[in-house]
Amino acid sequence: MANGEHLTREGFLQCLIDISTLNRGLPKRILEEYPEIKVPKRVIIDKPNNISPFWITGFTAGDGSFSCSVTDKGLRRIHSQIDPVFCLAQHSRDLPLFESLKEYFSTGTVHTNRDMAFFRVRSINSLLNIIIPFFLSYPFIKGSKADLNFKDFCKIVEIMKDGKHLTDAGKTKILNLRANMNQRRSKTSS
Numbered sequence: 001m002a003n004g005e006h007l008t009r010e011g012f013l014q015c016l017i018d019i020s021t022l023n024r025g026l027p028k029r030i031l032e033e034y035p036e037i038k039v040p041k042r043v044i045i046d047k048p049n050n051i052s053p054f055w056i057t058g059f060t061a062g063d064g065s066f067s068c069s070v071t072d073k074g075l076r077r078i079h080s081q082i083d084p085v086f087c088l089a090q091h092s093r094d095l096p097l098f099e100s101l102k103e104y105f106s107t108g109t110v111h112t113n114r115d116m117a118f119f120r121v122r123s124i125n126s127l128l129n130i131i132i133p134f135f136l137s138y139p140f141i142k143g144s145k146a147d148l149n150f151k152d153f154c155k156i157v158e159i160m161k162d163g164k165h166l167t168d169a170g171k172t173k174i175l176n177l178r179a180n181m182n183q184r185r186s187k188t189s190s
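Those letters in the sequence shown? Residues 1 to 190, by full-length UniProt numbering.
Everything labelled a hint here was simulated from the structure, so no lab data went into it.
Where a beta carbon is used, it is the ideal one built from N, C-alpha and C, also for glycine.
A few of these clues could be false.
[As the list claims (entries may be wrong)] Okay, derived cross-link-like pairs now, DSSO-like style, lysine-lysine, Cα gap no bigger than 27 Å in a straight line:
hint	residue 1	residue 2
1	Lys145	Lys161
2	Lys38	Lys28
3	Lys161	Lys142
4	Lys155	Lys173
5	Lys155	Lys142
6	Lys151	Lys173
7	Lys151	Lys164
8	Lys161	Lys173
9	Lys102	Lys155
10	Lys142	Lys173
11	Lys155	Lys145
12	Lys28	Lys41
13	Lys145	Lys102
14	Lys38	Lys102
15	Lys151	Lys161
16	Lys173	Lys102
17	Lys164	Lys145
[Said to hold, decoys possible] Per label pair, the in silico range of CB-to-CB distance:
hint	residue 1	residue 2	range
18	Tyr138	His91	33 to 41 Å
19	Ile19	Tyr138	28 to 36 Å
20	His91	Ala179	26 to 34 Å
21	Lys28	Glu103	32 to 40 Å
22	Leu31	Leu128	19 to 27 Å
23	Lys102	Lys151	22 to 30 Å
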């Protein structure tokens, strides 16, 4: 594109071919409008045998999340459910990768929903004994959003481990931590 190839019809069509190989591919209407585009076959990825822990950290920084769902926002309710979750999401064709991650960690669930695949760990025990120690050993870049979200996530899981999430003060602390995580986080360092 630096040489302006994309400004010619051939260059533009090559750009569309390149885009067609990405996760979502090209919309049907584009393919119908440019029937001369020959979409390359996608490579089917077999289940990876050897996953690097450093790769997992990088992959999580880009496509993962540490989150916490709360079934009700009321602080006075006795039966509030608080669920911390570690989640990775990708196109469903990457399902074998998630099966490998489930084997790697010996925990979690893998499922699909429409064209998306998910690897999730919800068990407090697994979060405390497997996921959190893993990311402490193979940390995110200090001060990055992934690092800050992970640190807040650890605080939430620690509150739950100690049973403090059952108190009003504990619920309030969790809701305050949760309020600044992921898309709600306004900056990369604090």
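Check the following: the C-beta atoms of tyrosine 138 and histidine 91 are separated by a distance inside 33 to 41 Å. Cβ of tyrosine 138 to Cβ of histidine 91: about 25 Å, so the range 33 to 41 Å is violated.
Within 22 to 30 Å: is that where the Cβ-Cβ distance between lysine 102 and lysine 151 falls? holds, 25 Å
For the pair we were handed, lysine 102 and lysine 155, check the Cα-Cα distance against 27 Å. Roughly 24 Å between the alpha carbons, so the hint for lysine 102 and lysine 155 holds.
Check the hint pairing lysine 161 with lysine 173 against an upper bound of 27 Å on the C-alpha distance. holds, 14 Å
27 Å limit on alpha-carbon distance, applied to hinted pair lysine 145 and lysine 161: holds, 24 Å
For the range 32 to 40 Å, tell me whether the beta carbons of lysine 28 and glutamate 103 fit it or not. holds, 36 Å
In this structure, is the beta-carbon distance linking leucine 31 and leucine 128 contained in 19 to 27 Å? For leucine 31 and leucine 128 the Cβ distance comes to about 48 Å; the hint is violated.
Between histidine 91 and alanine 179, is the Cβ distance one that fits in 26 to 34 Å? Hint holds: Cβ distance 30 Å, inside 26 to 34 Å.
Is lysine 155 close enough to lysine 145, meaning Cα to Cα at most 27 Å? holds, 15 Å
Tell me if the beta carbons of isoleucine 19 and tyrosine 138 are separated by a distance inside 28 to 36 Å. For isoleucine 19 and tyrosine 138 the Cβ distance comes to about 33 Å; the hint holds.
Holds or violated: lysine 161 and lysine 142, Cα atoms, limit 27 Å. Cα-Cα ~25 Å, so holds.
Keeping to a limit of 27 Å between CA atoms, is the pair of lysine 151 and lysine 173 held or broken? holds, 14 Å
Violated hints for the displayed structure, listed by number in ascending order: 14, 16, 18 and 22.
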